[in-house]
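K.L.:
Given next are the chains, with one letter for each unit.
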Amino acid sequence: MTHVFTKNWTRRGLLAAAATLALTLGLPDTARAEWPAGGLRVIVPYGPGGTSDNITRAVTPKIEEILGRNITIENIGGGGGVIGVTQLAKSKPDGLTFAMVPTATLVIAPQMRKLNYDPLTDIQPVAKIAESYGALAMRKDFPADNLSELIAYAKEHPGDITFGSAGIGSITHLYVEIFANAAGIEVNHVPFKGSSEAMNNVLGGHVDGQFDAVVLRQAQAGAVKPIAILNDERWEGLPDVPTLNDLDFKGFENVSSWFGFIAPEGTPDEAVQAFSDATRQALEDPEVKRHLKELGVIPKYLPSDQFAELIRSNYDQYKTILEPLGLTH
Amino acid sequence: MEYWSSVFAMILDWKVLVFLPIGVIVGAIIGAIPGLTITMSISVLLPFTLFLDPLPGLVLIFGISKGGLFGGSISAILLNVPGTPAAACTMLDGYPLSRKGRAGEALDTALWASFLGDLISVLALILLAGALAQLGLKFGPVELFALIVFSLTVIAAISTSGLLRGIVGGLLGLIAGTVGLDLVYGSERFTFGSANLYDGIAFMPLLVGLFALPDILLYYFGPRQARKGVGRTAGGASGRLSMANFRMILPTILKGGFIGVILGAIPGIGATASTFVSYAEARRSAPDREEFGKGALSGVAAAESANSGTGASTLIPLLALGIPGDIVGAMLLGAFYFHGLAPGPLLFQNNLDFIHALYITLLISSAIVLIVGRYGTQYIKRIVEVPRDVLFPIVLVLTVVGAFAISNSLFDVWVMLVAGMVGIGFRALRIPEAAFLIGFVLSPLLENNLQRVLIIGKGEMSAFFDSWIALVLYAATVAAVVGRIILPALQEHKLKRQAG
Chain A
1 MTHVFTKNWT
11 RRGLLAAAAT
21 LALTLGLPDT
31 ARAEWPAGGL
41 RVIVPYGPGG
51 TSDNITRAVT
61 PKIEEILGRN
71 ITIENIGGGG
81 GVIGVTQLAK
91 SKPDGLTFAM
101 VPTATLVIAP
111 QMRKLNYDPL
121 TDIQPVAKIA
131 ESYGALAMRK
141 DFPADNLSEL
151 IAYAKEHPGD
161 ITFGSAGIGS
171 ITHLYVEIFA
181 NAAGIEVNHV
191 PFKGSSEAMN
201 NVLGGHVDGQ
211 FDAVVLRQAQ
221 AGAVKPIAIL
231 NDERWEGLPD
241 VPTLNDLDFK
251 GFENVSSWFG
261 FIAPEGTPDE
271 AVQAFSDATR
281 QALEDPEVKR
291 HLKELGVIPK
301 YLPSDQFAEL
311 IRSNYDQYKT
321 ILEPLGLTH
Chain B
1 MEYWSSVFAM
11 ILDWKVLVFL
21 PIGVIVGAII
31 GAIPGLTITM
41 SISVLLPFTL
51 FLDPLPGLVL
61 IFGISKGGLF
71 GGSISAILLN
81 VPGTPAAACT
91 MLDGYPLSRK
101 GRAGEALDTA
111 LWASFLGDLI
121 SVLALILLAG
131 ALAQLGLKFG
141 PVELFALIVF
151 SLTVIAAIST
161 SGLLRGIVGG
171 LLGLIAGTVG
181 LDLVYGSERF
191 TFGSANLYDG
201 IAFMPLLVGL
211 FALPDILLYY
221 FGPRQARKGV
231 GRTAGGASGR
241 LSMANFRMIL
251 PTILKGGFIG
261 VILGAIPGIG
271 ATASTFVSYA
281 EARRSAPDRE
291 EFGKGALSGV
301 AAAESANSGT
311 GASTLIPLLA
321 LGIPGDIVGA
331 MLLGAFYFHG
341 LAPGPLLFQN
351 NLDFIHALYI
361 TLLISSAIVL
371 IVGRYGTQYI
381 KRIVEVPRDV
391 LFPIVLVLTV
401 VGAFAISNSL
411 FDVWVMLVAG
421 MVGIGFRALR
431 IPEAAFLIGF
441 VLSPLLENNL
451 QRVLIIGKGE
461 MSAFFDSWIA
471 LVLYAATVAA
481 VVGRIILPAL
491 QEHKLKRQAG
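Each protein sequence line maps, in turn, to chains A and B. Just so we're aligned: the first sequence equals residues 1 to 329 in this note's numbering. Just so we're aligned: the second sequence equals residues 1 to 500 in this note's numbering.
If you're looking for bench data, these hints aren't it; they were derived computationally from the structure. Beta carbons: idealized from backbone N, C-alpha and C, even for Gly. Warning: the hint list may mix true and false statements.
[Unchecked claim] Residues from chain A shown here face chain B by an in silico Cβ test under 7 Å; the list is partial:
| hint | residue |
| --- | --- |
| 1 | Pro48 |
| 2 | Ile83 |
| 3 | Thr162 |
| 4 | Ile168 |
| 5 | Ser196 |
| 6 | Glu197 |
| 7 | Glu294 |
Using the sequences and the accompanying hints, generate a full structural model.
P.N.:
See below:
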């Protein structure tokens, strides 16, 4: 599903634009040649209404204001996000085209299928914006109450525990496999179409557990049994639930469900830096922070080079998970 | 007293009273135009609603989605082009009715079925939210698998040109439904290396190509005989649904409404698949069952009551459990959180006044659908009186633009054209397109749940019988196969022997 959404100029945006224009006119010719003036395009590789789309719509108004440039959001859905990313990779690297992408499109999908872009050579990472919460929860009547009991149970009943996920090759699927590897246990992965469907099946007792953000509110309401938080910090809604770090469980150090801005390889540094800085500033805005929190994500900025490092390390780590499962192309 | 006055103060806000009808009207228009989707329009409006108080914002969204569920039927009935995926089933009998000059009756039927289905849905939400949420949770992979197997028996019923052709059509649909990435291994199937097919064949372009294009192409390029058949509509569109016919379709509407309510409360099924389950049931029990596929009012009633029946019940998992049932639900969840309201059991404790205000506005919106539909269709139905030479070029442009606009994808236009060729082939071989359509819609649900049952049950056959809901559905399937296929075949055989 695709749709173009043009933001109207706000008064502040106009002022900022005027200011930037004045500045730009004062700069030497070379700088102007590197990052052409004009509106920016941000590709969201999914239809409107998903998390990637919501995050984009939450931060771009502020980025528009800071950069003084108009931003058009373009939803290019399909192919589980790869069609939009392919479009970005094929776009002219002039600094006018960016995309907002989640983890799977860069570090999972390209390993599973032969795609028309290589995430390590065709993409210029711009800024990591946010992370989703992640938690492990089991159905209410599951015969284990904490991580050590869960692992002990799994060792006694190899292959019996079923974990639902949002789909094959989703980050929630990788969580299951990474966990099983790290704990040295054998589990049964059951893919669903999306987190909600998987959640429904945990609540109904059709599968035993799930690694996902959606379990948090359910755990809060007492409908499922929370085992651990996957993020570095505990979740304020459930302060008693430990993180995997607290439990000294290794294997999830760099693993998270993140969202970030990317551009085509070859995009002028000036554009990458400016967009990245604007993102960082936007994330400091209290209103943007609040909006992101309501969307269930944690604002977590990383600049271009560190974001690139994260992508590479995730890519390598997930390769070691996907290969033995026979899921790489 | 004070409590209710605060509830009514929320409802009597001018924004609520203005946005409700606006939402329904906008939804009906968007629903009627293929290529503009309800999800798309809601996501565009969502940021705007966040600046409103919670109730007016949500009311606008509900209005659009309700109006859209009805609006989709208008173009399905009049043009054989469904405005929304959920109206695909409406087309199967709606358009034949239109061709017979009974467009007015078909639209009335769709309207009353939408109104009553919606009303049942809202009442179910108000009275039974908790119980229905629990029932929805009971539907795991085994139960869904059994439900889909039952729904597939409808293929036998709509195969007007012989069972064998129906089964061929259904199987082709099931196969076409497997295109895309496999659920368990993520392997590519029939994608020919194109990412455009990862998510499967796009539904709307396929639908439009299969149903609407053949008429148009045959009209211009077909043999003279075919052209004659396509070009004429018998009579006008002035007819209205008679009281006698209303009484005839009422049981179907009520049943369809309840089917929609129950299936809507289960995340992952959706309005489109619900219409086919309802259609299967109506084909078994409706008085005009022999007319199905050729222009049965009950067919339209079954489809429209079921898709509107899902309207409010998709809110049940959202409100009662905090789980969004579909993409609109997911957007609503975001809107709720933004306003500091957390859907789930706590919402009923902490914000009961808001819930009550929401219920009342939902009831009002049902009535608005009826009023808007009643007056709106007065004029729009005259479209069938437009000469084909004027109408078909417009429809052709509409279908091409519509196929393109859904994903801004030229690929989808090709999908539509290929589907149009396939549709002409089907007509030549008298394979019912409807059987193909049902196979296609149900294929992913059937296959994915089959795979899940096998994974969870570690390949044991007993896993398929591990649920009383599934056993009941299997029994219904056996009854349908015996009653619809085996007994009639035996009877025919006997008659032939007597004659011979």
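K.L.:
So which of those numbered hints doesn't the model satisfy?
P.N.:
Of the numbered hints, all hold.
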